[in-house]
Amino acid sequence: MADTVLYEVSDGLATITLNRPEAMNALNVATKVALRDVARAAAEDDAVRAVLLTAAGDRAFCVGQDLKEHIGLLAEGSGQVMSTVKEHYNPIVRALTEAPKPVVAAVNGVAAGAGFGFALAADYRVVADTASFNTSFAGVALTADSGISWTLPRVIGPGRAADLLLFPRTIKAQEAYELGIANRVVPAASLHTAAEQVARMLASGPTVAYAAIKESMAYGFSHSLAETLEKEDELQTRAGASEDHTIAVRAFVNKEEPRYLGR
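Residue 93 is where the sequence shown starts when you use the numbering used here, and the numbers rise one by one after that.
No lab work stands behind these hints: they were computed from the structure. Since this is a predicted model, take the numbers as computed values, not measurements. We treat Cβ as the ideally placed atom computed from N, Cα and C, and that holds for glycine.
Cut-off 25 Å, straight-line C-alpha distance, at most; resulting in silico cross-link-like pairs (BS3-like, lysine-lysine):
id	residue 1	residue 2
1	Lys160	Lys178
2	Lys306	Lys178
3	Lys323	Lys306
Quick list of simulated restraints, FRET-style, between CB atoms:
id	residue 1	residue 2	range
4	His315	Thr235	23 to 31 Å
5	Asp137	Ile339	17 to 25 Å
6	Thr235	Leu353	43 to 51 Å
7	Ile305	Glu267	23 to 31 Å
Full structure from sequences and hints, please.
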């Protein structure tokens, strides 16, 4: 595995760290391959009950595509230069959004382009007060990728999403919170502590229920109310059959704190 992405699993929490701080965690090919592979590993590992996506350094979460590498590939005239969307970005976003466990993003600095897209692919975003977001794509004559044309309108509404995609600009942390992009804004110095606390709380929670919540929300975005009600019935049956549900009900009756097993 490339050292541009670090991966660690501890007590049910998988921590994925983008590790190119000197390049503002820009996405070169090695980084994209490594991120794709560890995101898939975290999604598929039953021992992992939550994922924390973070980044090294204090300047950037991820500024998107490594344009220095990209311009070199363009100069070579490779017809496959944009295959990175299919080969890397799409699998990364699907691994994060479809993982049957919650994903938390700790946004420590600039999140631009695909970096913004990856942050939006998380279920919960803890953001440093010094961080910022930018769609960036139109600024380099490209369209949206990394799922941002799907996630951004759902987070902030289609009108605001169109504004930010057509006219890229810097969105600072406080505005990001007001728009709903950031779930929580914390002082930069305490970001990783705060984000890890959120992620570990989720890692010790009812994993089956969390997976069902993710699935039902994604389903509801593209289906009718009647279809969504049927899906909720299906997923509630699954959650109700979990060991964690029995544990939760017993703990409630006995006025105890539940200790979930994640199954």
